[in-house]
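Protein chains in written order, with my numbering: chain A, 1 to 115; chain B, 116 to 221.
Source of the hints: derived by calculation from the structure; they are not laboratory data. Since we're looking at a predicted model, the values are computed, not measured. Ideal Cβ positions, reconstructed from N, Cα and C, are used throughout, including at glycine. Hints may be right or wrong, so weigh each one.
Simulated crosslink set (SDA-like; lysine to any residue; CA at most 20 Å straight-line) [said to hold, decoys possible]: (1) A/Lys57 with A/Gln37; (2) A/Lys57 with B/Ile117; (3) A/Lys57 with A/Lys13; (4) A/Lys57 with A/Glu75; (5) A/Lys57 with A/Arg67; (6) A/Lys13 with A/Val114; (7) A/Lys57 with B/Thr210; (8) A/Lys57 with B/Tyr184; (9) A/Lys13 with A/Gly84; (10) B/Lys169 with A/Pro8; (11) B/Lys169 with B/Glu182; (12) B/Lys169 with B/Thr135; (13) A/Lys13 with A/Glu52; (14) A/Lys13 with A/Thr38; (15) A/Lys13 with A/Phe64; (16) B/Lys169 with A/Glu103; (17) A/Lys13 with A/Thr113; (18) B/Lys169 with A/Val114; (19) A/Lys57 with B/Gln118; (20) B/Lys169 with B/Tyr184; (21) A/Lys13 with A/Gln54.
Take a look, some chain A residues computed to stay more than 12 Å from chain B by CB distance [as the list claims (entries may be wrong)]: (22) Thr20; (23) Ser79; (24) Leu115.
Chain A side only, calculated, beta carbon under 8 Å to chain B, not exhaustive [unchecked claim]: (25) Ile26; (26) Gly42; (27) Leu43; (28) Phe45; (29) Glu48; (30) Gln54; (31) Asn56; (32) Leu90; (33) Glu103; (34) Leu104; (35) Glu108; (36) Gly109; (37) Arg111.
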Amino acid sequence: KAGVTQTPRYLIKTRGQQVTLSCSPISGHRSVSWYQQTPGQGLQFLFEYFSETQRNKGNFPGRFSGRQFSNSRSEMNVSTLELGDSALYLCASSPRAGANTGELFFGEGSRLTVL
Amino acid sequence: GIQVEQSPPDLILQEGANSTLRCNFSDSVNNLQWFHQNPWGQLINLFYIPSGTKQNGRLSATTVATERYSLLYISSSQTTDSGVYFCAVSGSRLTFGEGTQLTVNP
Numbered sequence: 001k002a003g004v005t006q007t008p009r010y011l012i013k014t015r016g017q018q019v020t021l022s023c024s025p026i027s028g029h030r031s032v033s034w035y036q037q038t039p040g041q042g043l044q045f046l047f048e049y050f051s052e053t054q055r056n057k058g059n060f061p062g063r064f065s066g067r068q069f070s071n072s073r074s075e076m077n078v079s080t081l082e083l084g085d086s087a088l089y090l091c092a093s094s095p096r097a098g099a100n101t102g103e104l105f106f107g108e109g110s111r112l113t114v115l
Numbered sequence: 116g117i118q119v120e121q122s123p124p125d126l127i128l129q130e131g132a133n134s135t136l137r138c139n140f141s142d143s144v145n146n147l148q149w150f151h152q153n154p155w156g157q158l159i160n161l162f163y164i165p166s167g168t169k170q171n172g173r174l175s176a177t178t179v180a181t182e183r184y185s186l187l188y189i190s191s192s193q194t195t196d197s198g199v200y201f202c203a204v205s206g207s208r209l210t211f212g213e214g215t216q217l218t219v220n221p
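Looking at chain A on its own, in the form it has when it is part of the complex (with noise of 0.2 Å):
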């Protein structure tokens, strides 16, 4: 059974740049949510989509959207990046969605780095 993909792995931009990022989760499952990971603040929550919608949200800036397919693969996307957009961005799947989400798993994240 395949894991969770995310592509690409590495990636460098420049600030005022966009970046769109894409997870496919293991199959069968159709919850995908998002997490940031930077040395300062640690691991965050970004958003969690299921069923092509955005159940629930993190505390970021407009700046940073999602979306969900019907064959549950998500993307997300930041725009007019900046020099601290630079982090690992990390995708889980999960069956479920909600309070009895069940395990998550986790991808091999998205590494992005703005000049």
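Following the hints, put chain B in place on chain A, whose structure we already have.
Below, chain B alone, put in the same frame as chain A:
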């Protein structure tokens, strides 16, 4: 929101030693997971343990939900156990602790 505290923040061991990592949380939870972050950044699932005790080889974990803490035990540590261990709680919106940086020296 819920607070998660992990201790100790750093731990240095000699190969073969045993260790206990602790995770305290501020409210009742319905999901608690332990992860090991590998050098490439991926979070590897160790245990999904909202309550009770589980064992997997040299690793075991216990969560006492009523007292709001969880423990991760590593026995006979190996150099490959080095890395950061995270505890995360709650539903699909996981709240992570700051992690324990474990270094196992040969």
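Task: Violations among the numbered hints, reported as their numbers in ascending order - done: 3, 8, 10, 13, 18, 21, 25, 30
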